[in-house]
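Enquirer: Let the hints inform the model, and build the full structure from the sequences given.
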Amino acid sequence: MTSAKLDATGQRWVSHLSIYDFDIQYRRGQDNSNADALSRMSNQEVGETLQSSPQQVRMGGSRHEEAQTTREPEEVSGEDKTVVEEPESGQPLEPSEVYVDVGMETLPAMTTQELRAGQKEDPVISPILHFKSRNHKPSHRERMKLGATGSLLLKEWRKLVIKKGILYRSVRLP
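Using the UniProt record's numbering, the letters of the sequence shown correspond one by one to residues 1 to 174.
None of these hints come from the bench; they were simulated from the model.
Mimicking DSS-like on lysine-lysine, the simulated pairs with C-alpha atoms at most 25 angstroms apart in a straight line are:
(1) 159 <-> 145
(2) 155 <-> 132
(3) 132 <-> 164
(4) 164 <-> 137
(5) 132 <-> 145
Expert: Rendered as structure tokens:
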């Protein structure tokens with residue numbers, strides 16, 4: 001996205017969004033009623049709507065394509081079996097394709113040990129974890145070695161806490 005008339009906020013948005021691969025398509029208001037309706041709902045209503053939605057989204061490539069689901073009873077086990085079909089052809093998709101329930105939690109579950117090990121191996125978090133565990137704020141020279149990302153994390157120094165060997169950023173909800 002390029003424009004000669006972006007203010008500082010616009011430039012920051014462009015910078016943050018540049019890491020994603022997406023296409024923007026204009027839709028007239030009446031053709032974009034789903035987004036319009038969602039934007040007028042409270043966060044709680046949107047969450048409830050998405051949780052109760054039977055849609056699934058195929059995660060692959062640079063686009064998220066909707067797929068229709070139908071339920072067929074499993075004769076042997078008595079459990080339901082979900083069959084996902086291509087919207088255009090109605091043909092079943094390969095079971096190896098990855099699907100995510102819309103509105104469902106998609107973050108992978110990690111153990112405390114995995115988080116701790118990951119942070120110790122992370123080139124940005126590891127030095128900050130070391131400084132915070134000693135309760136020693138790094139000097140200017142030490143900060144220069146951390147790089148830009150580490151410096152950003154240091155701006156949150158007062159909010160950083162260590163619990164069970166894992167570095168967290170504490171947040172106080174209003």
